[in-house]
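Required output: the full structure, derived from the provided sequences and hints.
Just so you know, the sequences run in chain order L and U.
Residues in the first sequence are numbered consecutively from 1, following the numbering used here.
Residues in the second sequence are numbered consecutively from 1001, following the numbering used here.
Hints are not guaranteed to be accurate.
[What the hints assert, rightly or not] DSBU-like, lysine-lysine: derived pairs with alpha carbons at most 35 Å apart:
#  : chain 1 : residue 1 : chain 2 : residue 2
1  : U       : K1133     : L       : K68
2  : U       : K1396     : U       : K1341
3  : U       : K1474     : U       : K1433
4  : U       : K1433     : U       : K1414
5  : U       : K1172     : U       : K1129
6  : L       : K21       : U       : K1023
7  : L       : K68       : U       : K1023
8  : U       : K1415     : U       : K1025
9  : U       : K1474     : U       : K1030
10 : U       : K1176     : U       : K1121
11 : U       : K1474     : L       : K20
12 : U       : K1311     : U       : K1330
13 : U       : K1023     : L       : K20
14 : L       : K20       : U       : K1433
15 : L       : K20       : U       : K1051
16 : L       : K21       : U       : K1433
17 : L       : K32       : U       : K1269
18 : L       : K21       : U       : K1289
19 : U       : K1030     : L       : K21
20 : U       : K1146     : L       : K20
21 : U       : K1474     : L       : K21
22 : U       : K1269     : L       : K68
23 : L       : K21       : U       : K1168
24 : U       : K1269     : L       : K20
25 : L       : K21       : U       : K1129
26 : U       : K1341     : L       : K20
27 : U       : K1172     : L       : K20
28 : U       : K1025     : U       : K1051
29 : L       : K21       : U       : K1341
30 : U       : K1289     : L       : K20
31 : U       : K1289     : L       : K32
32 : U       : K1051     : L       : K21
33 : L       : K20       : U       : K1030
34 : U       : K1030     : L       : K68
35 : U       : K1169     : L       : K20
36 : U       : K1480     : L       : K20
37 : U       : K1341     : U       : K1289
[To be verified] Which bits of chain U does chain L cover? Going by a derived footprint, with three or more residues having C-beta under 8 Å, they are:
#  : region
38 : 1277–1287
39 : 1384–1397
What the hints contain is simulated information worked out from the structure, not anything from laboratory work.
In this text, all values refer to a predicted model and were calculated from it rather than measured experimentally.
C-beta: ideal position from N, C-alpha, C; glycine also.
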Amino acid sequence: MPSVMLRRSESGALLFYVAKKDLEATVDTVEKDSDEEWGGEVVLADGSSWYIDPISPPPSFPTTLRFKRA
Amino acid sequence: MATMTNEETEALIQEVLEVYPEKAKEDRAKHLMVNDQDPDKSKKCMTSNRKSLPGVMTVRGCAYAGSKGVVWGPVKDMVHISHGPVGCGQYSRAGRRNYYIGMTGVDTFGTINFTSDFQEKDIVFGGDKKLDKLLDEVHGLFPLMKGSSIQSECPVGLIGDDISAVAKKKAKEYGKVVVPVRCEGFRGVSQSLGHHIANDAIRDWVLGARDDDDSFESTPYDVAITGDYNIGGDAWSSRTLLEEMGLRVVAQWSGDGTLSEMELTPKVKLNLLHCYRSMNYISRHMEEKYGIPWLEYNFFGPTKIAESLRKIASFFDDKIKEGAERVIAKYQAEYEAVIAKYRPRLEGKRVMLYVGGLRPRHVIGAYEDLGMEVVGTGYEFGHNDDYERTTQDMGKATLIYDDVTGYEFEEFVKKIKPDLIGSGIKEKYIFQKMGIPFRQMHSWDYSGPYHGYDGFAIFARDMDMTLNNPCWNKIIAPWKQEAEEDEAIAASA
Ligand code: SF4
Chain L
1 MPSVMLRRSE SGALLFYVAK KDLEATVDTV EKDSDEEWGG EVVLADGSSW YIDPISPPPS
61 FPTTLRFKRA
Chain U
1001 MATMTNEETE ALIQEVLEVY PEKAKEDRAK HLMVNDQDPD KSKKCMTSNR KSLPGVMTVR
1061 GCAYAGSKGV VWGPVKDMVH ISHGPVGCGQ YSRAGRRNYY IGMTGVDTFG TINFTSDFQE
1121 KDIVFGGDKK LDKLLDEVHG LFPLMKGSSI QSECPVGLIG DDISAVAKKK AKEYGKVVVP
1181 VRCEGFRGVS QSLGHHIAND AIRDWVLGAR DDDDSFESTP YDVAITGDYN IGGDAWSSRT
1241 LLEEMGLRVV AQWSGDGTLS EMELTPKVKL NLLHCYRSMN YISRHMEEKY GIPWLEYNFF
1301 GPTKIAESLR KIASFFDDKI KEGAERVIAK YQAEYEAVIA KYRPRLEGKR VMLYVGGLRP
1361 RHVIGAYEDL GMEVVGTGYE FGHNDDYERT TQDMGKATLI YDDVTGYEFE EFVKKIKPDL
1421 IGSGIKEKYI FQKMGIPFRQ MHSWDYSGPY HGYDGFAIFA RDMDMTLNNP CWNKIIAPWK
1481 QEAEEDEAIA ASA
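Listed below in structure tokens is the structure:
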């Protein structure tokens, strides 16, 4: 369960950063992304997918969350 | 030699790898690649930030070097104690040329080496007592210093000393900051982990100091320069540009920086990050905790400077945006004159780089402004995110190498035959003896600054001075030269 830093890039895309793995990739899709909740399966631009239990209300970015590899 | 194609570069890599035993070959192959601007392809190819193989020559440093030498060392009004044997600090003392203003030994301490000078008995009985005494002496001798940091060297970690306890005790006793940094050299695979540890130490021991104190009068135009170590005055030539466009630079991290500047950084509006590798950690932390956005910029060469100034200005109102345009216009005549003078002398020359931090990608723009081409580049201690940022800056089919070994670098150079190499002191004399012009790109070869418009003029002059030095025609003895010419004539006949 690595800690992941999430932030908005200059273009507004969500960036996914795992310090331990030096992985920095843009988030392609988020399973649940609404005004009520945010989370579920998250797929990155490099094809890997990660999981987090949906959070409600949605977190404000930047923030650090713990993800599981899906 | 003309530009190489993808296949040729690929073949070159295979040829160089040929001499390795099977396992080493497999391992090293992952660290060498041909640049492909298609990001999907390049991402998968490069392996980086791995342990160097025993037996090959690496030019990496250790975690202590990353913390004491890079991040903490330049903070000028603190005493940085190299805790452990004397050599680690003494042999690296003042080599990085982080310029600063102040009276050394009175209120600034940048070039002095402080060490606990471990002896056998300290290894056997532990060094905490010695550290305690050392801190007493430092506080007694240098009353104007603002705080101290304890930079652990390898043995301290191996014998399991508790430097944090000593630091806490002494900080209380003297009412000054004492930061224990567990940056023993053996941690991690290179200096890169040292940067991270140093960033974390700043986060834990320094950054929050003025959280509940609003006495600092801030303006909407406050920024901090991070990841600029003022090598040869780099941060100064960057700072003038920012101030001219109307911003207020509150802190410099860490070249010519001070402890109180670091403590004030959480009050700024924007963090400007030059060396991404060594300070992205603290920038990310400040973004999360204080909501300060950060921005990577590049002050090498007029094209990138103009791009960066506009990018920085886009975070502020019209006053700053106009300021940026004004600054660019003001220096235009100056840098155009530099290009007009040096470009004809440097046009078409090919450069190979092998450095650390930000330079393998950042300086490319400056070379291109002078009509030169970077045909190979590599990081000593880059991570994946660095390589991702590099592929876009590099041309197609250029060679990229990670933690390149002495042998590989020499072979690449022999085949690619660049006109200029930019790397460190350890590579300098090998390549000079091979007859290839060389610039030391860690410390700017005792020159600098290279940042900003002022720096670009110096950069261009230095490259010209090195490349067009008449000595390079004298490498081959005259009688051998004649023989070569004869052969060439015979071949063409
Ligand atoms: S690896 Fe250890 S002993 Fe060597 S310079 Fe670094 S801290 Fe000192």
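Here is what the structure says about each hint:
no.	hint	result
1	U:K1133 - L:K68	48 Å, violated
2	U:K1396 - U:K1341	29 Å, holds
3	U:K1474 - U:K1433	12 Å, holds
4	U:K1433 - U:K1414	13 Å, holds
5	U:K1172 - U:K1129	17 Å, holds
6	L:K21 - U:K1023	24 Å, holds
7	L:K68 - U:K1023	33 Å, holds
8	U:K1415 - U:K1025	19 Å, holds
9	U:K1474 - U:K1030	39 Å, violated
10	U:K1176 - U:K1121	29 Å, holds
11	U:K1474 - L:K20	51 Å, violated
12	U:K1311 - U:K1330	18 Å, holds
13	U:K1023 - L:K20	26 Å, holds
14	L:K20 - U:K1433	41 Å, violated
15	L:K20 - U:K1051	15 Å, holds
16	L:K21 - U:K1433	40 Å, violated
17	L:K32 - U:K1269	32 Å, holds
18	L:K21 - U:K1289	22 Å, holds
19	U:K1030 - L:K21	17 Å, holds
20	U:K1146 - L:K20	33 Å, holds
21	U:K1474 - L:K21	49 Å, violated
22	U:K1269 - L:K68	34 Å, holds
23	L:K21 - U:K1168	32 Å, holds
24	U:K1269 - L:K20	28 Å, holds
25	L:K21 - U:K1129	38 Å, violated
26	U:K1341 - L:K20	47 Å, violated
27	U:K1172 - L:K20	34 Å, holds
28	U:K1025 - U:K1051	15 Å, holds
29	L:K21 - U:K1341	46 Å, violated
30	U:K1289 - L:K20	20 Å, holds
31	U:K1289 - L:K32	25 Å, holds
32	U:K1051 - L:K21	14 Å, holds
33	L:K20 - U:K1030	20 Å, holds
34	U:K1030 - L:K68	27 Å, holds
35	U:K1169 - L:K20	32 Å, holds
36	U:K1480 - L:K20	56 Å, violated
37	U:K1341 - U:K1289	48 Å, violated
38	1277–1287	holds (count 3)
39	1384–1397	holds (count 3)
Against the hints set out earlier in the document, violations occur for numbers 1, 9, 11, 14, 16, 21, 25, 26, 29, 36, 37.
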